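Protein chains: 2
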Amino acid sequence: MEFDPWTITDIGDYEDLFHKFGMEPFEKYKARYSDLRYIRRGIVFGHRGFDKIDAAIQGKKPFAMMTGLMPSGRFHFGHKMVADEIIWFQRKGARTYIAAADIESYLMRNIPLPEARKTAVEEYLTNYIALGLDPKKATFWFQSDYVAPYYRLADVAAKEVTFNEMKAIYGDLSNGKIISALKQAADILHPQLPEFEGMMPTVVPVGADQDPHIRLTRDIAARLNHTYKLELPAATFHRFMEGLQGGKMSSSDPKSHIALSEEPKSARKKIMSATTGGRATLEEQKKLGGIPENCAVYKFYLYHFVDDDKDLKKIYEECKSGSIMCGDCKKRCADMMEAFLIEHQKKREKARGDAIKLAESNSKK
Amino acid sequence: MEFDPWTITDIGDYEDLFHKFGMEPFEKYKARYSDLRYIRRGIVFGHRGFDKIDAAIQGKKPFAMMTGLMPSGRFHFGHKMVADEIIWFQRKGARTYIAAADIESYLMRNIPLPEARKTAVEEYLTNYIALGLDPKKATFWFQSDYVAPYYRLADVAAKEVTFNEMKAIYGDLSNGKIISALKQAADILHPQLPEFEGMMPTVVPVGADQDPHIRLTRDIAARLNHTYKLELPAATFHRFMEGLQGGKMSSSDPKSHIALSEEPKSARKKIMSATTGGRATLEEQKKLGGIPENCAVYKFYLYHFVDDDKDLKKIYEECKSGSIMCGDCKKRCADMMEAFLIEHQKKREKARGDAIKLAESNSKK
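Going down the list, the sequences are from chains Z and X. Using our numbering, you'd call the opening residue of the first sequence number 3 and step up by one each time. Using our numbering, you'd call the opening residue of the second sequence number 3 and step up by one each time.
Everything labelled a hint here was simulated from the structure, so no lab data went into it. Worth double-checking, as some hints may not be accurate.
Copies of the same chain look alike in the list, so a pair counts if it works inside one copy or between any two.
In silico lysine-lysine, BS3-like type, Cα no more than 30 Å apart, as pairs [to be verified]: (1) LYS257 <-> LYS348; (2) LYS348 <-> LYS333; (3) LYS161 <-> LYS120; (4) LYS231 <-> LYS272; (5) LYS289 <-> LYS139; (6) LYS231 <-> LYS271; (7) LYS348 <-> LYS161; (8) LYS120 <-> LYS352; (9) LYS288 <-> LYS139; (10) LYS94 <-> LYS272; (11) LYS250 <-> LYS161.
These figures come from a predicted structure and were not determined experimentally.
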């Protein structure tokens, strides 16, 4: 097999998830679902229980996809990856469920509910729809503003988890952590209640760091079998996109990310000053080539801007061979970024009305 | 002042509540509200914040009364006292709010929600209405089956209480205790939300053992002032009616209580074998008289069956003087009990339909 320069195969820090915690590699489904860039390139690298989702997709049987958004800070290119995944699942036929975790953002980050509501619409739903989510085929709710069976499920789930189990995941406990954990379990499981879809395979696309929550929710689902009929929720796990300066891409650090509502000129500047995989001197780089694996700019090609693997390979090899220097490469990326944002922000304008409608669709106020 | 044999003045075990915890004696309102037997006889002996309720009643201004029922076991004569109090408040003009704590009974006592629902209707609501509650002027809900603003309030309140504060009341914590405490706070405070009455004096008639919960809820109300406009809830405190064998009257011990749906002959038998304040021998009793203060039978006269103070005084003095023996006295009480239950159970039949309607009135299922 030819070496794929565009495929991430090093799971590094994530190794333990497979060996200690029983996550399964996504490898086996990669060819079948290679139409999603993140799967094709090994960015989605693990799963739990995906076999039932695969069977549902292949058999054209009903299944659900649930995602939660934290209505805090701006929607950036890390979030775009999740959005692309949920849109992909929706197009594969998933009944689409989207939670705004406004109770969690209030209890854990002190964000007032009205502010969370605004952020959910402006930053999340507007971008989801602009990126291609069909709002007419999605169920959306705020944790603070929903229906009785959802709250009942969260409250009943409280009996199925011990303090020790929670401490293993959350460290020292607080009311806020407990309430947030139970709401998250209800977010994921309630689509399977008789008032919604009934028992149904459900998939949650998440970052690998979310696995403890997924495991807890699967345990809760299994233990609730005295009262509810629930499939254990499946999950797909992706690696994170690193930030512009290396390290974590974070909503709370504007230097680490570019928001999808960011002024295109400002985004351009951020790309131009991003950390690259370049060498100490131009001479050295011409001789040794750059290191795209360590380059924040290359990650934008890999995750977002270059869908054709051949084109990506070309960029990769230009870098590796030392035939392009970082300045020119960043300029190319900045052009792509600017074009993308200008186009996307037009779509955002069109999406805004639908986003507001979706936000209100389950509001009981 | 003449000595009132029918007035309980010994607050004994409750003394600390006044001196350490700042509960106030109800004495000052006793004359004004002597139409309620429990107030007139000192059974309602303490309060917090009743001044605002007094002002509302006197000024014919709006106020709310909230009560919670634990849908577990049978509705007995201890519960009847609470029911009489809430009916009295309703007749004084209170907006009447009644919670069935089915989430608490599930989490803390393992009672399945459908069973709790049945108990709430059969045992509680049916008896409330048969005793005189006007269901058309009452708001009723199950903790498991209500509206978003209620759940939101409970969740937001989670941020206002520390583990240490909860531990001081509940001992070692569990998810169940935390969820139950927060639900109880929302039960008491949500009538004041803009979606309900708006900010309004609210009174909760409870047993003296509930004071820690009242204090916690008052603290939560005060701390929530950044988001909600809430009067600190007021409370009236009654002493407990002792059980048939002395000690606690308990739903879970049929020998300690008589249920209001109990077969009248069975109730008669329980009265005939109740613990009295009689002496060791008939002779001794004729000489020294009985001790009504220690008599479970006398408590039925005092709390429930003899509303006229003169009649009660006569019974008290007959006992004290040794002119009536326990057998005859119990027979008299058993006759009253039988007559009461026969009459009450007819009213229960008539009340059943309204009770079912009330139970469903806020159901979102």
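Taking the hints in turn, this is what the structure says about them:
no., hint, in the structure
1, LYS257 <-> LYS348, "within (24 Å within a copy, 75 Å between copies)"
2, LYS348 <-> LYS333, "within (23 Å within a copy, 88 Å between copies)"
3, LYS161 <-> LYS120, "between (33 Å within a copy, 21 Å between copies)"
4, LYS231 <-> LYS272, "neither (49 Å within a copy, 45 Å between copies)"
5, LYS289 <-> LYS139, "neither (53 Å within a copy, 87 Å between copies)"
6, LYS231 <-> LYS271, "neither (52 Å within a copy, 47 Å between copies)"
7, LYS348 <-> LYS161, "neither (48 Å within a copy, 40 Å between copies)"
8, LYS120 <-> LYS352, "within (17 Å within a copy, 51 Å between copies)"
9, LYS288 <-> LYS139, "neither (51 Å within a copy, 85 Å between copies)"
10, LYS94 <-> LYS272, "neither (35 Å within a copy, 68 Å between copies)"
11, LYS250 <-> LYS161, "between (36 Å within a copy, 28 Å between copies)"
Checked against the numbered hints above, the structure violates hints 4, 5, 6, 7, 9 and 10; every other hint is satisfied.
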